[in-house]
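Visitor: Letter by letter, the chains look like this.
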Amino acid sequence: MDCRESISAVVENARSGRPPSSALRAHLDECPRCSERWSEERILTREMQILADRMVRRQSPARVRKAIEREFDRRRRVVRVRRMAFVFAAAAAVVVAFAAGVIWWPSAPPTAPQDIARTVSSDFGADAGFVAVPGALPLADGEFVRVERTELDSSALARMGLPLDDVDDDTVVADVVLGEDGLPRAVRVDEDVEAAN
Amino acid sequence: MKNERMRRTDEELYRRLRGGDKPALAELYERHEAALYRYALCMSGSRSIAEETVQEVFCRLIAGAGRFDERRGTLEAWLYGVARNLARRMVGGGTEPVAEAASGDDLLGELLEDERTVSLYRALDELPPRYREVVLLCDLEERSYEAAAKLLECPVGTVRSRLHRARLLLSARLAPLQRAGVVAGARG
Numbered sequence: 009m010d011c012r013e014s015i016s017a018v019v020e021n022a023r024s025g026r027p028p029s030s031a032l033r034a035h036l037d038e039c040p041r042c043s044e045r046w047s048e049e050r051i052l053t054r055e056m057q058i059l060a061d062r063m064v065r066r067q068s069p070a071r072v073r074k075a076i077e078r079e080f081d082r083r084r085r086v087v088r089v090r091r092m093a094f095v096f097a098a099a100a101a102v103v104v105a106f107a108a109g110v111i112w113w114p115s116a117p118p119t120a121p122q123d124i125a126r127t128v129s130s131d132f133g134a135d136a137g138f139v140a141v142p143g144a145l146p147l148a149d150g151e152f153v154r155v156e157r158t159e160l161d162s163s164a165l166a167r168m169g170l171p172l173d174d175v176d177d178d179t180v181v182a183d184v185v186l187g188e189d190g191l192p193r194a195v196r197v198d199e200d201v202e203a204a205n
Numbered sequence: 124m125k126n127e128r129m130r131r132t133d134e135e136l137y138r139r140l141r142g143g144d145k146p147a148l149a150e151l152y153e154r155h156e157a158a159l160y161r162y163a164l165c166m167s168g169s170r171s172i173a174e175e176t177v178q179e180v181f182c183r184l185i186a187g188a189g190r191f192d193e194r195r196g197t198l199e200a201w202l203y204g205v206a207r208n209l210a211r212r213m214v215g216g217g218t219e220p221v222a223e224a225a226s227g228d229d230l231l232g233e234l235l236e237d238e239r240t241v242s243l244y245r246a247l248d249e250l251p252p253r254y255r256e257v258v259l260l261c262d263l264e265e266r267s268y269e270a271a272a273k274l275l276e277c278p279v280g281t282v283r284s285r286l287h288r289a290r291l292l293l294s295a296r297l298a299p300l301q302r303a304g305v306v307a308g309a310r311g
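From first to last, the protein sequence lines are chains U and X. Count along the first sequence from 1, then add 8; that gives the number in my numbering. Count along the second sequence from 1, then add 123; that gives the number in my numbering.
Honestly, the hints are just simulated from the structure, not real lab data. Don't take every hint at face value.
Label-pair distances were calculated between CB atoms; the ranges are [said to hold, decoys possible]:
1) X:V279 <-> U:A31: 20 to 26 Å
2) U:V64 <-> X:P299: 24 to 30 Å
3) X:E249 <-> U:E44: 19 to 25 Å
4) U:I111 <-> X:R130: 54 to 60 Å
5) U:M9 <-> X:R154: 40 to 46 Å
6) U:P27 <-> X:G215: 41 to 47 Å
7) X:R296 <-> U:A31: 25 to 31 Å
8) X:G187 <-> U:P40: 57 to 63 Å
9) U:V86 <-> X:V279: 41 to 47 Å
10) U:A99 <-> X:G215: 51 to 57 Å
11) X:A186 <-> U:R12: 47 to 53 Å
12) X:A298 <-> U:A31: 25 to 31 Å
13) X:A298 <-> U:R12: 20 to 26 Å
14) U:V64 <-> X:A186: 25 to 31 Å
Selected chain X positions facing chain U (Cβ under 7 Å, derived; list incomplete) [unchecked claim]:
15) L148
16) A157
17) Q178
18) F181
19) D262
20) L263
On a predicted model such as this, the values are computed, not experimentally measured, just so you know. Virtual Cβ for every residue (Gly too), placed ideally from N, Cα, C.
So that you can see chain U by itself, here it is in the shape it has in the complex:
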């Protein structure tokens, strides 16, 4: 065993209170420096034990614990208040949303554009002969409409799918359903007029 190995063993043996091994003992017998370190380490361990015994009873005073518990309670109150505020805010939002829904929600869902013909035909009767204007907004429930007779471009009517094969003129007389906004919703060719032409 050399001095480097010895020093490590000396420290660990002194700390643990174990007696030196035979190899260490042999080295200590022949090395005065390591032997001196061995006695110093044993003394230091004893002193350290005394200091540890005195220190082990040390702890912070009760006021520290009280202060920490007060801080915990204060934090809990803050969290509780925040949580309650959140719950109230969420509940208020639900109530407001519900009230807005009751006030603003239409009594019937809006009709999709492709349902115009159905809407118009239901308003004017299935056999009324009206054809929905493509792309026109649906009639709202209870919306007032008016029917106006007018002359329309026959090619435009043909694009709407009206049977105008027998029509030679550029214009035809037709009944046009107008919504409250004045925009056309449906068209019906006056067959009598058409036939007269």
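Model the placement of chain X on the given structure of chain U, informed by the hints.
Guide: Here is chain X on its own, set in the frame of chain U:
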């Protein structure tokens, strides 16, 4: 109930604490307060700094400031890490030597009744902080090298070499006193 509490790890207690469980705080306090206080006392040499450190460590735990992350280490290591930083900052921004910065020497005053302990305490107080903390953890608190390494977040070999170096420095400082017959070695 008591046994059930004893089985809980620090990390379980921390989760309960975060959920608002006050007994979990009490349990963590009972487990760690005294050791943290002694650590802060030894690192600062001041009782008031040690008290303030302990209080602040637990207040940070409650507040979740610098939140503890289980994946990065144990709760105990986190507590010691916070205590170390706080004590250093309170003593002098981490730049001033602790022995010079700590005024009042509260602990020393209480130990004056025992001359031998005072000598060792003074020698310990003059050690650089990195040596002083391993002496405190391994020799005074009697933790294993592995446990100290976890708390200090450094390799076991570093703890061992620092302790050996610290003990050599302490022995060198105590040797003149031993020769003068102040400490135990000269008596025995």
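Visitor: Now look at each hint and say whether the structure bears it out.
Guide: Okay, the hints, checked on the actual structure:
1. X:V279 <-> U:A31: 20 to 26 Å: The hint (20 to 26 Å, Cβ to Cβ) holds, given that X:V279 and U:A31 are roughly 24 Å apart.
2. U:V64 <-> X:P299: 24 to 30 Å: holds (28 Å)
3. X:E249 <-> U:E44: 19 to 25 Å: The hint (19 to 25 Å, Cβ to Cβ) holds, given that X:E249 and U:E44 are roughly 22 Å apart.
4. U:I111 <-> X:R130: 54 to 60 Å: holds (58 Å)
5. U:M9 <-> X:R154: 40 to 46 Å: holds (42 Å)
6. U:P27 <-> X:G215: 41 to 47 Å: Since the Cβ atoms of U:P27 and X:G215 sit about 44 Å apart, the hinted range of 41 to 47 Å holds.
7. X:R296 <-> U:A31: 25 to 31 Å: holds (30 Å)
8. X:G187 <-> U:P40: 57 to 63 Å: holds (58 Å)
9. U:V86 <-> X:V279: 41 to 47 Å: Hint holds: Cβ distance 42 Å, inside 41 to 47 Å.
10. U:A99 <-> X:G215: 51 to 57 Å: Roughly 53 Å apart at Cβ, these two residues keep to the hinted range, so it holds.
11. X:A186 <-> U:R12: 47 to 53 Å: holds (49 Å)
12. X:A298 <-> U:A31: 25 to 31 Å: Holds, since X:A298 and U:A31 (Cβ atoms, about 26 Å apart) stay within the stated range.
13. X:A298 <-> U:R12: 20 to 26 Å: holds (21 Å)
14. U:V64 <-> X:A186: 25 to 31 Å: At 30 Å between Cβs, range holds.
15. L148: Given a least distance of 6 Å, the restraint on X:L148 holds.
16. A157: With Cβ-Cβ at 4 Å, under 7 Å, it holds.
17. Q178: For X:Q178, the interface hint holds, since the closest Cβ of chain U sits about 5 Å away, which is under 7 Å.
18. F181: holds (5 Å)
19. D262: holds (5 Å)
20. L263: Hint holds; X:L263 Cβ to chain U Cβ min 4 Å, cut 7 Å.
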